[in-house]
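Student: Residues per chain are reported as follows:
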Amino acid sequence: MSEKPFTGTAFYAFLKEHKLMGARCPTCGAIYAPPRPFCPACFNAELEWVELSGAGRLASYSIIVIAPTAMIEAGYGREHPYCSGVVELAEGPCISAQILGVDVAHPETIAIGTPVKVAFIERGEGEAQKTFLGFEVVP
Amino acid sequence: MQRKPGRGVAIVGAGMSKFGAFPGLATRDLFVEAFRELLASVDKGFDARDIEALYIGNFSSDLFEGQAHTAPIMADWVGLTPRPATRVEDACASSGVAFREGLIAIASGLYDIVLVGGIEKMTDLPTARVTDTLATAADVTYETPAGFTFPGLYASMATAYLHAYGATSEAFLKVGLKNHENGALNPKAQFGQRIADIIEARKASAAKKGKPIPTWADELAFLNDERANPVIAWPLRLYDCSPISDGAAALLLVSEELARRFTDAPLYVIGSGQASDGATHDRPTLTGIPAAQRAAQLAYAMAGVTPADIQPAEVHDCFTIAEIMATEDLGFFAPGEGWRAAIEGRTARTGDRPINTSGGLKSKGHPVGASGAGQVVEIWKQLRGEAGARQLPGEPCLGLTHNVGGTGQTCVVHIFERR
Numbered sequence: 000m001s002e003k004p005f006t007g008t009a010f011y012a013f014l015k016e017h018k019l020m021g022a023r024c025p026t027c028g029a030i031y032a033p034p035r036p037f038c039p040a041c042f043n044a045e046l047e048w049v050e051l052s053g054a055g056r057l058a059s060y061s062i063i064v065i066a067p068t069a070m071i072e073a074g075y076g077r078e079h080p081y082c083s084g085v086v087e088l089a090e091g092p093c094i095s096a097q098i099l100g101v102d103v104a105h106p107e108t109i110a111i112g113t114p115v116k117v118a119f120i121e122r123g124e125g126e127a128q129k130t131f132l133g134f135e136v137v138p
Numbered sequence: 000m001q002r003k004p005g006r007g008v009a010i011v012g013a014g015m016s017k018f019g020a021f022p023g024l025a026t027r028d029l030f031v032e033a034f035r036e037l038l039a040s041v042d043k044g045f046d047a048r049d050i051e052a053l054y055i056g057n058f059s060s061d062l063f064e065g066q067a068h069t070a071p072i073m074a075d076w077v078g079l080t081p082r083p084a085t086r087v088e089d090a091c092a093s094s095g096v097a098f099r100e101g102l103i104a105i106a107s108g109l110y111d112i113v114l115v116g117g118i119e120k121m122t123d124l125p126t127a128r129v130t131d132t133l134a135t136a137a138d139v140t141y142e143t144p145a146g147f148t149f150p151g152l153y154a155s156m157a158t159a160y161l162h163a164y165g166a167t168s169e170a171f172l173k174v175g176l177k178n179h180e181n182g183a184l185n186p187k188a189q190f191g192q193r194i195a196d197i198i199e200a201r202k203a204s205a206a207k208k209g210k211p212i213p214t215w216a217d218e219l220a221f222l223n224d225e226r227a228n229p230v231i232a233w234p235l236r237l238y239d240c241s242p243i244s245d246g247a248a249a250l251l252l253v254s255e256e257l258a259r260r261f262t263d264a265p266l267y268v269i270g271s272g273q274a275s276d277g278a279t280h281d282r283p284t285l286t287g288i289p290a291a292q293r294a295a296q297l298a299y300a301m302a303g304v305t306p307a308d309i310q311p312a313e314v315h316d317c318f319t320i321a322e323i324m325a326t327e328d329l330g331f332f333a334p335g336e337g338w339r340a341a342i343e344g345r346t347a348r349t350g351d352r353p354i355n356t357s358g359g360l361k362s363k364g365h366p367v368g369a370s371g372a373g374q375v376v377e378i379w380k381q382l383r384g385e386a387g388a389r390q391l392p393g394e395p396c397l398g399l400t401h402n403v404g405g406t407g408q409t410c411v412v413h414i415f416e417r418r
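Those protein sequences? They're chains W and H, same order as listed.
Okay, so the first sequence: first residue is 0 according to numbering that gives the first Met the number 0, each after it adds one.
Okay, so the second sequence: first residue is 0 according to numbering that gives the first Met the number 0, each after it adds one.
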């Protein structure tokens, strides 16, 4: 569905269009998200892009208080912690993302297995504008 | 097919700098300190000019101190140019892998005498930039954009572990307590204090400043107090995390047939295993480290020993959860049993499975590129009966090191024997 190479740049360009894209191996059917150019399952090197449903469940998470510079610049930190997690997508693969819609003040209330759906997080302005992958709890 | 080194390799000397925060000392200064101790450790003495090559583990002097290309500088500062000096970078496993490269170089027959080192100088940068630098060991395309820090990644493994096994975070606190107990007996450790000592120091400090003197019922109460032990990345708190450290370590490796020319008590390297892996999210499990499991299997198979045979083990406790997972990945405890073993005190010096007698990265300090070589220094001391107040009884003769890079993108395991 696209001639784009299987690069991080292409993944984030799709994300900017609010598409969560993975790679599918036409030989063995394996799906990779993040996308990869080479299928480690069957060693096929000709993969194809596939749009993912964006549905998944929370596989693990952390509430991060001591933030890296990029997240401090986005307004997070000691006084404003945030949740990062690993999401298991409905299609199978797992991916890292910021998790929205959870009570970061009460981390013990967050349950592994919680259904989530993709969210697109816009940060920066103009040339520096970038879309980050997020997931939010399904109400 | 199970491969073995082309010929045997032994350690005949070992040294390390003190680990800690040392303003004004660069990696080369710390390496010289480690090298001096190494020279003094060779029982029968030797001429350092007999060293033929150097392998130096170093994660990121580039970002930490603005100095790349560090291996030749180390060679130069101990007077060993023009010998080949190679830097090895595999994040926090850098010097564990440098050790393996030194082993391979001697086993190949290319050299007889090799110096392996590990160096890192982290404390010149403010904490946020140290956090950023450590995060470069994760996948900066697909992990760090999610907001993950290193503590955050290990914390996500911790939540998965707690959930999978119904474990309690008390186990994490117990690991920290235990490693501080051990580190207090290690003069090279960054924290020469037990948690009880830290509590007394807090009280004394408050009294001196005329502030209300805090009280905690016991050490666990202190560790459960958000003000005393704040969350870094939930569920991990400050005392679950290894510190930001400076330090260096150095090891002298020789071919087995030369070993007794240097000492009557060499350590033979009988097992070596290394493995790689992808990003944290891209693994079949988050409750263990697959590369560690594989590296351990390879090392045990090469050595022809089982986990039950190992006595002292230095494992990569960059975070308390990492030590618990390591004790399972190495086969000391069944999956899901490591946390119970920690609570029951089985991993204490007095337990049946002593782990991190040095104080581990948690208390000894974690100058990342030096940590793997530093682990070997502790096994060197324990197997030779030179570990002082923290010496294990019973003349242990089989030791193991487990050194992890990133969250398990690299793992390297070595097994050592005193014959």
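Hint data in this document are derived by calculation from the structure and do not stem from the laboratory.
Yeah, the Cβ is synthetic: ideal placement off N, Cα and C, and Gly gets one too.
Hints may be right or wrong, so weigh each one.
Straight line, CA to CA, 25 Å or less: simulated DMTMM-like cross-link-like pairs of lysine to aspartate or glutamate [what the hints assert, rightly or not]:
id, chain 1, residue 1, chain 2, residue 2
1, W, K116, H, D281
2, W, K3, H, D217
3, H, K43, H, D61
Partial chain H-side listing against chain W, Cβ under 8 Å, derived [what the hints assert, rightly or not]:
id, residue
4, P4
5, G7
6, T130
7, T143
8, A154
9, H162
10, Y164
11, G165
12, V230
13, I231
14, A232
15, W233
Take a look, some chain H residues computed to stay more than 12 Å from chain W by CB distance [what the hints assert, rightly or not]:
id, residue
16, A39
17, G65
18, P81
19, Y110
20, R128
21, E142
22, T158
23, K207
24, W215
25, D217
26, A307
27, Q310
28, G393
Student: May I ask you to test the interface hint for A154 of chain H with respect to chain W, counting a Cβ-Cβ separation under 8 Å as satisfied?
Tutor: holds (3 Å)
Student: Checking the smallest CB distance to chain W, is A39 of chain H really beyond 12 Å?
Tutor: holds (40 Å)
Student: So is G65 of chain H really clear of chain W, every C-beta pair being over 12 Å apart?
Tutor: holds (17 Å)
Student: Could you let me know if the closest chain W CB is still more than 12 Å away from the CB of G393 of chain H?
Tutor: holds (40 Å)
Student: Against chain W, is P4 of chain H within 8 Å by beta-carbon distance?
Tutor: The hint is violated - P4 of chain H has no Cβ within 8 Å of chain W, the shortest such distance being about 29 Å.
Student: Within 25 Å, alpha carbon to alpha carbon, are K116 of chain W and D281 of chain H?
Tutor: holds (19 Å)
Student: Answer holds if the nearest beta-carbon of chain W is closer than 8 Å to that of I231 of chain H; otherwise answer violated.
Tutor: holds (5 Å)
Student: Does the no-contact call for D217 of chain H survive, Cβ to all of chain W over 12 Å?
Tutor: Per Cβ check, D217 of chain H is outside 12 Å of chain W; nearest 23 Å; holds.
Student: Taking the shortest Cβ-to-Cβ distance between P81 of chain H and chain W, state whether it exceeds 12 Å.
Tutor: At about 41 Å from chain W, P81 of chain H clears the 12 Å cut-off, so the statement holds.
Student: Any Cβ of chain W at or closer than 12 Å to Y110 of chain H, or is the non-interface label fine?
Tutor: holds (35 Å)
Student: Confirm or reject the statement that A307 of chain H sits farther than 12 Å, beta carbon to beta carbon, from all of chain W.
Tutor: holds (31 Å)
Student: Do the alpha carbons of K43 of chain H and D61 of chain H lie within 25 Å of each other, as the hint requires?
Tutor: violated (37 Å)
When the structure is compared with the earlier hints, violations turn up for hints 2, 3, 4, 5, 10, 11, 20, 21, 22 and for no others.
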